Every structure is written in C-alpha cells, then in structure tokens.
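Asker: With the hints as constraints, model all of the structure from the sequences given.
Those protein sequences? They're chains Z and C, same order as listed.
Quick note: to get the working numbering, add 34 to the position in the first sequence (first position is 1).
Quick note: to get the working numbering, add 34 to the position in the second sequence (first position is 1).
None of these hints come from the bench; they were simulated from the model.
Note that the structure is a prediction, hence the values are computed from the model and not measured.
Mixed in with the good hints, there may be bad ones.
Keeping only pairs whose Cα atoms sit at most 27 Å apart, straight-line, the calculated DSS-like set for lysine-lysine is [what the hints assert, rightly or not]: (1) Z:Lys267 / C:Lys297; (2) C:Lys230 / Z:Lys230; (3) C:Lys297 / C:Lys69.
Number of protein chains: 2
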Amino acid sequence: MIDAGSEQSTANVHDQEVNPWEVKGDADGKIDYEKLQKKFGCSRLGKELVERIEKLTGRPAHPLLRRGMFYAHRDLEQLLDAYEKGEPFYLYTGRGPSSEALHLGHLIPFMFTKWLQDAFNVPLVIQVTDDEKRLWRMNLTADQIYELGKENIKDIIACGFDPNKTFIFSDFDYMGGRFYRNIVEIQRLVTVSTRKAIFGFSFDSNIGQISFPAVQAAPCFPDSFPHMFGMRKAIRCLIPCAIDQDPYFRMTRDVAPKLGYFKPALIESSFFPALQGESGKMSASLPNSAIFVTDTDKQIKTKINKHAFSGGGKSEAEQRANGANLDVDVAWKYLRFFCEDDKKLKQIGEDYSSGKLLTGEVKAILIEILQQIVTKHQKERVKVSPEIVKQFTDVREMLDLFPGLKVTS
Amino acid sequence: MIDAGSEQSTANVHDQEVNPWEVKGDADGKIDYEKLQKKFGCSRLGKELVERIEKLTGRPAHPLLRRGMFYAHRDLEQLLDAYEKGEPFYLYTGRGPSSEALHLGHLIPFMFTKWLQDAFNVPLVIQVTDDEKRLWRMNLTADQIYELGKENIKDIIACGFDPNKTFIFSDFDYMGGRFYRNIVEIQRLVTVSTRKAIFGFSFDSNIGQISFPAVQAAPCFPDSFPHMFGMRKAIRCLIPCAIDQDPYFRMTRDVAPKLGYFKPALIESSFFPALQGESGKMSASLPNSAIFVTDTDKQIKTKINKHAFSGGGKSEAEQRANGANLDVDVAWKYLRFFCEDDKKLKQIGEDYSSGKLLTGEVKAILIEILQQIVTKHQKERVKVSPEIVKQFTDVREMLDLFPGLKVTS
Numbered sequence: 035m036i037d038a039g040s041e042q043s044t045a046n047v048h049d050q051e052v053n054p055w056e057v058k059g060d061a062d063g064k065i066d067y068e069k070l071q072k073k074f075g076c077s078r079l080g081k082e083l084v085e086r087i088e089k090l091t092g093r094p095a096h097p098l099l100r101r102g103m104f105y106a107h108r109d110l111e112q113l114l115d116a117y118e119k120g121e122p123f124y125l126y127t128g129r130g131p132s133s134e135a136l137h138l139g140h141l142i143p144f145m146f147t148k149w150l151q152d153a154f155n156v157p158l159v160i161q162v163t164d165d166e167k168r169l170w171r172m173n174l175t176a177d178q179i180y181e182l183g184k185e186n187i188k189d190i191i192a193c194g195f196d197p198n199k200t201f202i203f204s205d206f207d208y209m210g211g212r213f214y215r216n217i218v219e220i221q222r223l224v225t226v227s228t229r230k231a232i233f234g235f236s237f238d239s240n241i242g243q244i245s246f247p248a249v250q251a252a253p254c255f256p257d258s259f260p261h262m263f264g265m266r267k268a269i270r271c272l273i274p275c276a277i278d279q280d281p282y283f284r285m286t287r288d289v290a291p292k293l294g295y296f297k298p299a300l301i302e303s304s305f306f307p308a309l310q311g312e313s314g315k316m317s318a319s320l321p322n323s324a325i326f327v328t329d330t331d332k333q334i335k336t337k338i339n340k341h342a343f344s345g346g347g348k349s350e351a352e353q354r355a356n357g358a359n360l361d362v363d364v365a366w367k368y369l370r371f372f373c374e375d376d377k378k379l380k381q382i383g384e385d386y387s388s389g390k391l392l393t394g395e396v397k398a399i400l401i402e403i404l405q406q407i408v409t410k411h412q413k414e415r416v417k418v419s420p421e422i423v424k425q426f427t428d429v430r431e432m433l434d435l436f437p438g439l440k441v442t443s
Numbered sequence: 035m036i037d038a039g040s041e042q043s044t045a046n047v048h049d050q051e052v053n054p055w056e057v058k059g060d061a062d063g064k065i066d067y068e069k070l071q072k073k074f075g076c077s078r079l080g081k082e083l084v085e086r087i088e089k090l091t092g093r094p095a096h097p098l099l100r101r102g103m104f105y106a107h108r109d110l111e112q113l114l115d116a117y118e119k120g121e122p123f124y125l126y127t128g129r130g131p132s133s134e135a136l137h138l139g140h141l142i143p144f145m146f147t148k149w150l151q152d153a154f155n156v157p158l159v160i161q162v163t164d165d166e167k168r169l170w171r172m173n174l175t176a177d178q179i180y181e182l183g184k185e186n187i188k189d190i191i192a193c194g195f196d197p198n199k200t201f202i203f204s205d206f207d208y209m210g211g212r213f214y215r216n217i218v219e220i221q222r223l224v225t226v227s228t229r230k231a232i233f234g235f236s237f238d239s240n241i242g243q244i245s246f247p248a249v250q251a252a253p254c255f256p257d258s259f260p261h262m263f264g265m266r267k268a269i270r271c272l273i274p275c276a277i278d279q280d281p282y283f284r285m286t287r288d289v290a291p292k293l294g295y296f297k298p299a300l301i302e303s304s305f306f307p308a309l310q311g312e313s314g315k316m317s318a319s320l321p322n323s324a325i326f327v328t329d330t331d332k333q334i335k336t337k338i339n340k341h342a343f344s345g346g347g348k349s350e351a352e353q354r355a356n357g358a359n360l361d362v363d364v365a366w367k368y369l370r371f372f373c374e375d376d377k378k379l380k381q382i383g384e385d386y387s388s389g390k391l392l393t394g395e396v397k398a399i400l401i402e403i404l405q406q407i408v409t410k411h412q413k414e415r416v417k418v419s420p421e422i423v424k425q426f427t428d429v430r431e432m433l434d435l436f437p438g439l440k441v442t443s
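Answerer: This is the structure:
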C-alpha cells in the first residue's frame with residue numbers, strides 16, 4: 035500500500051519513475067541511469083575519482099566501484115579533500131525492514147559500506163527505519179516490523195562490520211534525545227511545498243509520511259549521536275546508497291548549512307536487477323525473483339538455471355553463431371556484481387558475447403560464486419549471538435572514534 | 035511566526051477563528067462560545083452534569099465548573115458512568131512553553147486539573163510540548179524553549195499536584211519508546227486531507243507542523259506511559275483544556291477506536307480575558323495585558339487599576355444612576371474566575387450592576403484576591419527544588435496508581 039504511485043515525482047524522466055518508495059522503469063522497464071543522475075543533479079563518479087580513492091586508501095577499488103555500479107555522487111571530491119587533510123568523516127547507511135528475507139540486492143550497499151569502513155577506517159551508523167515501514171506498509175504491525183528489523187540487523191552484522199566503530203539502531207528504539215531534537219530542527223526548515231517539489235505530495239498520504247524525510251535526514255548530523263561524536267557539528271558524513279534515496283539527501287543538503295553542518299556527501303549505486311531482468315521486481319512474495327540469503331545451494335542452482343533471464347541465443351547453434359546480448363543477460367549482470375576476479379570476468383564477457391560460452395556454462399560459474407557468497411553469509415549469520423547484536427546496538431560511549439585524525443569542531 | 039493565520043479553519047464561525055494556534059474573535063473581538071461549541075460538535079456541560087460530579091466526588095464543584103467557565107465536554111457522562119462502576123481513568127493536560135512568564139490564564143487549567151485530581155483521586159500526565167513550540171515559533175531556539183519548559187514545570191508543580199500520581203514530561207525528553215510508537219500509529223491513520231479538514235492546511239507550513247497533532251494525541255493512550263499503566267489499553271482518559279485545543283482531540287477520538295482505545299473524554303473551558311477585555315490578547319510582550327505569576331503586589335494593584343477595562347459608568351454619578359455593564363467589565367470577569375465565595379460574588383454582582391458599588395471598589399476587592407493568589411503561588415514556587423522536580427518528571431515505576439479500582443484490560 036505504498037502510496038507514492040499517486041504522488042508526482044520530480045524524478046519522472048520520460049516514463050521512468052524513481053523515488054524512495056517506488057522504482058519504475060520506462061515503457062520497456064528500463065532505467066536510464068544517466069538521465070536519472072542528471073535529473074537528480076548528482077555528479078557522475080568517473081575513473082579519476084575511483085583512482086583517487088585507490089590512492090588515498092592504498093587499496094584497489096571495490097569491484098562495485100571500479101565497474102561503475104556505484105556510479106554517481108555528491109561532494110565526494112570535497113570529502114576526499116578533507117580526508118586528505120586529516121579531517122574526520124563517518125559513514126551512514128540504512129535499511130527499511132520489510133517482510134522480505136534479505137536478498138542479494140539488499141546486501142550490496144552493506145558489502146560496499148563494509149569495504150568503505152575498512153578502507154577509510156571510519157565510524158559507521160546504520161539506521162533501521164521501522165517507523166518508515168510502519169507508515170508506508172499497511173499489512174504489517176509495528177511489532178512485526180520491529181522484529182523483522184531485529185532479524186535484518188543480524189544479516190547486516192554478518193556482513194562483517196567493526197563493532198568498535200559501528201552503531202546500528204532502529205528508529206523505534208533510538209528515537210528521542212538529540213536525535214529527535216535534530217529531527218524537529220529539520221522539520222521546521224522544510225515546508226510542505228519543498229516536500230512536494232522533492233518527493234511529490236498527495237492529500238491521501240498520511241501525516242507521518244509527510245514529515246518522515248526528516249527522520250532519515252537526521253543521522254547525517256553527527257550530534258544525533260552524542261555517544262559517538264559528542265556535540266561536534268563539524269564532522270562530515272558520507273552516505274553509500276542506491277540512487278532512489280537521493281531525494282532524502284538532496285533535502286538534507288538544503289537544510290544542513292542552515293543548521294551549521296556540512297552537507298552530507300553521497301556515493302550512489304544503480305539497482306541490482308531481478309532474476310527476470312531489469313524490468314522485474316525483486317520481492318519476497320515472488321521467491322523466484324531473487325536469490326535470498328536464506329536460499330540453499332540447490333535453490334540457488336534452480337533459480338539461476340530456471341529464472342535468470344538469458345541474453346544468449348535461443349539454441350546452442352544460435353548462441354555459437356551470434357553470441358549473447360550482455361545488456362539484457364542477468365547471469366552476466368550478476369557476475370559483474372559478484373565475480374571479484376577482473377580477468378576472469380573479462381574473459382567470460384568476451385567468450386559469452388562471442389558465442390564461445392553457452393548460457394548454461396555462464397550460469398554454472400555464477401551459481402558457484404553465489405553459493406559461496408550465500409554459504410559464507412549463512413555461516414557468519416549463525417555466529418551473530420545476542421551478545422554480538424548488543425555490541426552493535428547498545429548506546430555506549432564511543433567517543434574515541436578518530437585516532438590520529440584532527441577533529442575540527 | 036505562527037502560521038495558522040494562513041490556514042483555513044473549520045472553526046470559522048462568522049468572523050471568529052479559533053484553532054490550537056490562534057484565537058481571534060469576531061469583528062468586535064468577541065468569541066461566541068455557544069456557536070464555537072456547536073461548530074466543534076462538543077456537548078454543553080449543564081447543571082445536571084455538575085451536580086452529578088458533586089454527588090460522585092462528595093465535594094462542591096470547583097467555582098470554574100459551577101460558574102460555567104468549563105462549559106463544554108465530550109463523553110463526560112460515559113466517563114462518569116465508568117467511574118461509578120469502579121473503572122479507572124487518568125487526567126491529561128499540557129502546556130506549550132513560550133517566552134511568556136505564566137499569567138493567570140495559564141494557571142486556570144492547572145488549578146482546575148488539581149481539583150479534578152483531588153476530587154477523583156486519579157493519576158495525571160502533563161505534556162510540555164517544547165517540540166510544538168519549536169515548530170511554530172521561529173524566534174526561540176530549541177534550547178531556549180526547553181529551558182522555558184523547565185521553568186514552566188516549576189510553576190505547574192507549584193499548583194499543588196500529587197507527586198505520587200503525577201508525571202510531567204517534556205516531549206524533547208520523553209520522545210521515544212512506546213510513546214513514539216503510538217505517535218507513528220496515529221500518524222499513519224490520519225491523512226493530510228483529514229488534517230486539513232480538522233486544523234486547516236497550508237503548503238507554507240513546515241512538515242513537522244503537519245504531523246505534530248499525533249504528538250499531542252498520543253498521551254490520550256495509556257500505554258504511552260508503560261511506567262504508569264503498563265501495556266493496558268482499557269483505561270479512560272479525561273482532558274481538561276481550553277476549547278481551542280478541541281481539534282487535537284477530535285482527531286484523536288476518530289483514531290482511538292481503530293487502535294483499540296477508548297475515545298478520550300474532554301472538559302473544555304472558555305478563555306480567560308486580557309485586562310483590556312475579551313478582544314485583547316494576553317502576552318508577555320504586553321506586560322500590561324495580563325497579571326503574571328511573577329508580579330508584585332504593587333504591579334497587580336497598578337495593572338488592575340490602570341488597565342482592567344471597566345464596564346462601569348464614566349463618572350461616579352453615571353455609575354450610581356445606571357450601574358455597570360458586567361458583560362464587558364474585566365474586574366467582574368476576573369472575580370468570577372477567582373472569588374471562591376459564591377455569596378460574596380453574587381452580592382458584588384448585584385451591587386455593581388445596580389450602581390451601589392463603584393468600579394474602584396470592585397477593583398480593590400479583586401486586587402486583594404489576586405495578590406493573595408499570586409503571593410501563595412510565589413511561596414509554593416520557591417519551594418520547588420530540583421529534587422521535587424525529579425519527583426514529578428522522573429520516569430519511575432508508578433504501577434499501583436489505582437487503589438481500590440478495578441482495572442479492566
């Protein structure tokens with residue numbers, strides 16, 4: 035019952051519609067990412083910036099970065115300039131808990147965020163927006179959503195974040211104190227007209243939906259976390275997220291300087307496609323639409339073989355003759371996300387598009403990689419005890435988060 | 035910078051405009067209370083109900099009740115029926131902290147609420163809406179408003195509430211937990227259209243103003259206070275307030291049954307007039323518009339003598355001949371609020387309207403009464419130590435609030 039469909043979105047590019055509550059491609063189901071980035075007004079994340087990150091962190095860029103899945107940004111140069119000068123920053127990302135078990139698309143921002151945390155050695159806050167889900171989803175109770183959030187937190191922890199530098203919170207738990215005061219500060223600077231221009235507006239929306247964007251904005255301000263950053267306002271924030279979340283942070287960037295904060299920087303990804311291809315929708319109610327972190331090896335194998343849309347020839351002969359259309363081939367797209375070996379990936383691409391490799395062979399490679407990823411995730415997930423959850427979610431003093439960094443406040 | 039002026043209000047009766055953020059009389063500055071009550075859809079609080087309260091509590095009704103200042107209600111019969119059967123209820127009232135020192139008009143609901151608490155021997159929650167003030171007042175910082183709230187709390191405590199049965203909280207402090215979850219539950223059931231129909235709507239409002247009504251609604255639900263009422267939903271709530279607050283609770287009453295709660299009952303007062311008369315506005319920026327709880331005896335005397343609008347004759351001869359017009363005489367109006375002795379009051383009314391008493395003589399009687407009230411308040415106010423404040427504001431276990439009452443949950 036997400037009502038964004040009845041809203042007018044400024045991100046409407048020809049027929050595509052992208053906002054935090056709805057992602058809809060054009061007539062063919064395709065998302066034009068370049069148009070989207072331009073319409074939103076973010077910058078393209080090009081080769082130079084990727085190389086700069088590699089230089090600054092002394093590591094090769096994450097595959098999702100060097101292959102252009104994280105393809106847009108805001109103020110990333112400024113953030114890197116500041117980092118180079120020894121100024122601190124922290125990472126902020128989030129998750130809206132839903133009825134769905136996490137699928138691979140959900141894991142991607144966390145995998146990338148973990149890489150950023152390791153590479154830059156910085157603190158991280160992860161917001162679980164159970165309140166948002168309650169405001170937009172009419173078929174789950176607050177208790178159900180809250181419990182789903184708790185389960186999602188275990189999957190997030192299983193991605194390998196540093197407990198000494200990471201704070202994971204649910205809005206239902208953490209609402210209050212300085213966080214709530216910052217939310218009110220943001221709300222009073224955003225008119226309904228502005229809300230309408232950025233997110234759309236409908237008289238059928240509930241009143242919580244109208245004001246919610248401030249809740250997602252507040253973690254961009256470091257003093258929302260006094261146990262981590264004290265009352266310091268001069269700490270930059272970098273947000274890795276999918277590009278549909280851009281409107282939230284466009285709004286936040288308008289407000290930030292008025293409240294004495296840096297504008298948050300962003301590093302934004304395209305979407306991870308459904309098994310049925312870009313026009314499909316990954317959903318827990320469509321188990322064959324996605325690979326879930328709870329899937330067995332056998333389920334992964336069956337799903338990829340039966341449901342991953344193929345860009346290969348209709349017959350072996352046709353594939354040998356013409357090769358595959360990589361632009362629409364889901365196995366290939368998934369390999370680009372998850373095959374870490376650049377050389378191997380390049381070879382697969384060449385052989386598959388030339389017809390040397392058949393769809394079944396490419397799928398077999400993918401199946402093995404996905405089985406490894408999911409098995410590893412499941413192994414890490416069972417280790418996440420209640421004690422470990424507490425290490426990430428307790429509001430505890432973490433005031434020494436910037437060793438060796440100059441805090442200018 | 036309260037922007038309600040730009041909103042359309044459903045409470046617009048001829049020219050008068052009454053909503054939680056603005057009270058404006060008709061062309062002559064007069065409020066037609068009967069029309070207001072009918073327009074809002076509340077019931078008239080008549081003699082029968084007052085007598086029933088006297089019978090149930092075994093005490094004479096408070097002057098504000100028996101003289102009709104608390105003149106409207108919602109569901110008071112049902113609440114008294116339930117009380118008679120031994121079912122519990124609690125009281126809820128509030129205060130929006132502002133730059134103004136409290137004046138007598140601010141004290142009235144608290145004086146009356148104290149009487150209700152004593153008479154019915156029931157728990158009480160008092161909400162200090164610092165967040166609301168921050169959303170509507172543009173000239174005070176959140177810190178300033180929060181501190182004003184702390185000062186206001188001392189004045190409220192000085193009214194004599196029972197610390198064992200009373201919880202006073204600021205939204206900035208108490209936001210979170212079950213209270214926040216109830217706020218979200220309410221927000222999701224109120225569309226912007228409904229918000230517009232009840233409170234008006236403007237695209238120039240900030241987004242926090244749109245959703246705020248849920249914050250004032252949530253204390254009507256007992257499980258917003260798990261430390262007082264556990265998770266019990268079947269506890270009735272009675273709200274003493276001025277009639278301009280009715281829209282908040284009309285909204286709450288629509289939502290309550292959908293969430294499994296009783297509709298809150300209301301007992302609603304007319305407004306306390308400014309010294310300049312009904313069309314005047316009491317305001318801290320107009321020190322001669324009101325008697326403040328910080329005024330000295332001398333200030334009270336000067337203000338009443340110089341500024342209280344007189345309905346008496348222009349000269350002594352005229353007053354002796356025609357008597358005073360009590361309908362517009364402010365000293366008389368104030369005596370009706372604060373002179374507890376019915377016989378004395380009646381005599382003053384007869385003698386003043388007949389011309390036997392002069393304005394100066396009536397004002398002298400009023401001055402003495404007000405000086406007594408303010409002196410007593412100041413004496414109680416200085417006794418309110420930080421420890422006493424803690425007794426009222428700490429979130430502490432108060433689960434045994436209904437001795438001898440059957441809790442049906």
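Asker: If a hint holds in the structure, say so; if it does not, say that too.
Answerer: Taking the hints in turn, this is what the structure says about them:
Of the supplied pair hints, the one linking Lys267 (chain Z) and Lys297 (chain C) is violated, its CA atoms being roughly 43 Å apart against a limit of 27 Å. A hinted pair counts as satisfied when its Cα atoms are at most 27 Å apart, and Lys230 (chain C) with Lys230 (chain Z) qualifies at roughly 16 Å. Distance hint between Lys297 (chain C) and Lys69 (chain C) is fulfilled; the C-alpha atoms sit about 23 Å from each other, no more than 27 Å.
Hint 1 from the list above is the single one not met by this structure.
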